[in-house]
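Chemist: Sequence:
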Amino acid sequence: MWGDFDVDGQTSTTLLVQTLRALGANVSYYIPIRGKESHGVHIESLKPIIDGGVKLIVTCDTGITAHEAIDYANSRSVDVVITDHHDLGETLPNAKAIVNPKLLPEDHPLKYLAGVGVAYKLAEALLDNRPRTADHESSIVHRLSSADLLDLVALGLIADVALLKGETRSLAQKGIQALRNTNRLGLKVMADLASTPLDTLTEETIGFTFAPRLNALGRLGDANPAVELLLTQDSARARVLAAQIEGLNMQRRMLTSQVFQAAEAQLKANPALLEEPAIVLAHPGWPGGVVGIVANKLVERYHKPAILLNESEDGIMRGSARSIEGLHITEAIATQKNILRGFGGHPMAAGMSFDADKLNEFRRGLGKAIEKQLGSIVFEEPTLQIDAWLGLQEINISLADTLEMLAPFGAGNPSLTLASRNVKLKSVSTIGKAKEHLRLNIEDADGNVQSLLWWSGAGEELPEDNSTFDIAYSLRASTYRGQKQATLQFEDFRITEEQAVEVQNARLEIRDLRLQPSLLNLQPSTLIWAEGSDKAVGKSRRELQQADELSIYTTPASPADLRKALEIVKPKTVYVFAIPPAEEKPDEFLAHLAGLCKFVLNQRGGKTTTSELAAAMSCRESAVQVSLEWLSATGQLTVTMEDDNLTLSKETREKNPYLQAELFVALRGILNETSAYRKFFATADLTKIFQT
Numbered sequence: 055m056w057g058d059f060d061v062d063g064q065t066s067t068t069l070l071v072q073t074l075r076a077l078g079a080n081v082s083y084y085i086p087i088r089g090k091e092s093h094g095v096h097i098e099s100l101k102p103i104i105d106g107g108v109k110l111i112v113t114c115d116t117g118i119t120a121h122e123a124i125d126y127a128n129s130r131s132v133d134v135v136i137t138d139h140h141d142l143g144e145t146l147p148n149a150k151a152i153v154n155p156k157l158l159p160e161d162h163p164l165k166y167l168a169g170v171g172v173a174y175k176l177a178e179a180l181l182d183n184r185p186r187t188a189d190h191e192s193s194i195v196h197r198l199s200s201a202d203l204l205d206l207v208a209l210g211l212i213a214d215v216a217l218l219k220g221e222t223r224s225l226a227q228k229g230i231q232a233l234r235n236t237n238r239l240g241l242k243v244m245a246d247l248a249s250t251p252l253d254t255l256t257e258e259t260i261g262f263t264f265a266p267r268l269n270a271l272g273r274l275g276d277a278n279p280a281v282e283l284l285l286t287q288d289s290a291r292a293r294v295l296a297a298q299i300e301g302l303n304m305q306r307r308m309l310t311s312q313v314f315q316a317a318e319a320q321l322k323a324n325p326a327l328l329e330e331p332a333i334v335l336a337h338p339g340w341p342g343g344v345v346g347i348v349a350n351k352l353v354e355r356y357h358k359p360a361i362l363l364n365e366s367e368d369g370i371m372r373g374s375a376r377s378i379e380g381l382h383i384t385e386a387i388a389t390q391k392n393i394l395r396g397f398g399g400h401p402m403a404a405g406m407s408f409d410a411d412k413l414n415e416f417r418r419g420l421g422k423a424i425e426k427q428l429g430s431i432v433f434e435e436p437t438l439q440i441d442a443w444l445g446l447q448e449i450n451i452s453l454a455d456t457l458e459m460l461a462p463f464g465a466g467n468p469s470l471t472l473a474s475r476n477v478k479l480k481s482v483s484t485i486g487k488a489k490e491h492l493r494l495n496i497e498d499a500d501g502n503v504q505s506l507l508w509w510s511g512a513g514e515e516l517p518e519d520n521s522t523f524d525i526a527y528s529l530r531a532s533t534y535r536g537q538k539q540a541t542l543q544f545e546d547f548r549i550t551e552e553q554a555v556e557v558q559n560a561r562l563e564i565r566d567l568r569l570q571p572s573l574l575n576l577q578p579s580t581l582i583w584a585e586g587s588d589k590a591v592g593k594s595r596r597e598l599q600q601a602d603e604l605s606i607y608t609t610p611a612s613p614a615d616l617r618k619a620l621e622i623v624k625p626k627t628v629y630v631f632a633i634p635p636a637e638e639k640p641d642e643f644l645a646h647l648a649g650l651c652k653f654v655l656n657q658r659g660g661k662t663t664t665s666e667l668a669a670a671m672s673c674r675e676s677a678v679q680v681s682l683e684w685l686s687a688t689g690q691l692t693v694t695m696e697d698d699n700l701t702l703s704k705e706t707r708e709k710n711p712y713l714q715a716e717l718f719v720a721l722r723g724i725l726n727e728t729s730a731y732r733k734f735f736a737t738a739d740l741t742k743i744f745q746t
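For the record, in the sequence shown the residue sitting at position 353 is 407 according to this note's numbering, with numbers rising by one throughout.
Derived by calculation from the structure, the hints in this document are not laboratory data.
A virtual CB, placed ideally from N, CA and C, is assigned to each residue, including glycine.
Honestly, I wouldn't trust all of these hints.
The calculated lysine to aspartate or glutamate pairs, modelled on EDC-like cross-linking and capped at a C-alpha distance of 16 angstroms, are [unchecked claim]:
#, residue 1, residue 2
1, Lys-165, Glu-221
2, Lys-487, Glu-300
3, Lys-538, Glu-705
4, Lys-228, Asp-202
5, Lys-156, Glu-144
6, Lys-242, Asp-253
7, Lys-175, Asp-202
8, Lys-391, Glu-415
9, Lys-358, Glu-435
10, Lys-351, Glu-545
11, Lys-742, Asp-566
12, Lys-101, Asp-125
Label-pair restraints from in silico Cβ distances [claimed, not checked]:
#, residue 1, residue 2, range
13, Gln-287, Ala-79, 14 to 24 angstroms
14, Leu-142, Ile-393, 20 to 30 angstroms
15, Asn-324, Thr-688, 45 to 55 angstroms
16, Lys-391, Glu-448, 44 to 54 angstroms
17, Thr-688, Arg-548, 32 to 42 angstroms
18, Gly-466, Gln-657, 48 to 58 angstroms
From just these sequences and the hints, can you work out the full model?
Modeler: Encoded structure:
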């Protein structure tokens with residue numbers, strides 16, 4: 055088995071080695087070392103393999119342009135079977151057989167298979183077409199069925215960013231399920247070292263946990279141990295290999311960060327490069343193993359195809375390209391074949407090499423080819439298509455679970471882009487080992503709060519303080535230490551003009567009786583709004599109804615609470631007493647809420663609402679929401695939120711101290727804002743308060 059050094063190649067090789075060994079074949083494998091040989095099949099490495107007595111060579115995720123190497127194998131009377139998915143050249147190699155979905159019609163369901171998908175289809179045919187015997191069903195050979203290989207298929211398809219259409223999407227779905235229950239020791243150890251549970255794995259787990267680690271082998275070292283890791287039944291050996299991979303992955307992350315910073319510096323020094331149809335950057339010191347990763351990061355940031363190149367001592371540029379949806383980057387690169395030493399790839403990624411003195415010519419020619427493919431759209435400002443606008447109160451785990459039915463997401467099946475209007479940034483915190491990610495807490499005009507994750511967002515521009523903006527995000531259902539949660543992942547924001555909200559009745563009469571509670575008895579016919587410890591004086595926010603007169607006894611917790619009360623009551627006259635409730639520190643507030651939760655569990659069957667708890671504590675609903683999340687993170691309470699309705703239940707599970715710490719900070723911020731607003735309410739011009 056001759057493989058390629060990326061994850062698609064590693065899994066393709068592993069899959070066919072495992073299959074053919076189950077069929078009784080004597081199988082060896084070889085994956086080129088990237089730093090010495092690059093992609094493809096090379097005669098100098100092939101010669102000693104053939105000298106060793108090999109009778110058949112099967113390529114895995116490579117070989118479709120290896121004319122010279124295959125001709126050499128033929129001259130040595132060795133047959134070659136090519137399994138590949140990369141774009142076809144002008145002529146096909148003289149192989150014994152070629153299995154490549156690019157040979158199929160455009161509408162064929164197998165058209166978008168990656169290399170591991172091609173290998174799987176070959177293995178499926180070999181395993182399932184075996185005649186029945188007394189001992190084995192036709193689909194099982196030496197206890198191996200094609201279903202046992204689906205975990206490898208998911209790894210390769212997702213890591214290679216295959217278009218999730220037709221059979222490819224179906225295989226990815228089945229493969230992810232198989233990966234959650236994999237028996238491969240190597241994958242279990244990798245997951246353990248990365249602190250990643252397999253039973254809740256998604257395509258994001260593959261893309262951000264497994265793929266980078268396995269790719270680190272091929273990018274920075276020798277990918278052959280990856281096959282051993284995926285096949286081994288020796289737990290000690292699996293741990294050794296996984297530990298080596300973990301070390302290489304740390305090195306990859308460091309190099310990626312360094313090259314990305316250098317690429318950004320080039321763009322800042324020469325902004326004109328961003329005006330071109332594609333970003334093309336080069337530097338002699340960039341490690342070839344990470345330029346593809348950095349190119350992908352540039353695509354994500356600038357929404358343009360990107361190519362990063364490193365110049366070797368022999369004056370040859372070698373690099374990797376990453377594309378955008380709708381642009382076949384390999385076809386664009388192929389237009390420059392007159393100056394290329396070699397190239398290959400598929401619609402979303404490619405590799406190429408050319409003489410260093412051809413860089414500017416390559417950049418110009420590539421730009422023209424991209425313009426020809428995309429037309430004027432290449433110079434247009436990228437736009438984000440919103441699939442649905444939601445209020446923050448509509449976001450919950452039930453909705454996230456429903457959207458998960460559309461997974462796995464990726465190229466060809468992007469996740470839904472959702473958005474919310476007119477929100478403000480409450481707080482920002484950095485997370486991650488290197489503090490490279492952000493957690494954003496946002497709030498809408500009604501006091502609803504949501505938290506978003508902005509991957510690699512550290513250092514990016516944020517909305518200004520007190521600005522109002524629309525925010526776009528994706529919504530995923532995730533599980534952390536046994537608890538299901540809805541996770542918002544930031545995509546983009548845009549500043550909007552904040553408009554003042556006018557009181558509905560322009561003739562509203564306001565009587566200022568602040569800090570004069572004894573005068574309350576002089577308005578016996580009014581509806582009294584009182585909360586918290588003053589609840590006995592009047593009605594809570596949940597009990598308000600339309601009335602001509604409203605007495606505001608307890609100081610509202612927020613402008614949103616005041617506005618909502620006025621919208622419900624629609625008064626002609628408002629008497630403002632504004633008695634501030636006793637302030638509580640965060641730990642006191644949490645203890646208070648925990649007591650209420652205990653009452654709800656014991657006396658109400660765990661059923662309550664966010665607004666009921668907020669009224670009982672005379673606070674913002676966002677404070678209740680954050681505090682319930684904090685209590686849930688203690689591992690003693692499970693909270694299910696659906697709109698305003700809450701279901702509480704006792705459950706013992708592992709604590710999440712990191713989440714507790716972040717939520718405690720968020721709660722402190724909300725309580726401080728509430729306190730500041732109530733102090734402002736006590737002395738400010740009431741006319742202005744009731745106009746905003």
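Chemist: Failing hints, ascending?
Modeler: Result: no hint breaks.
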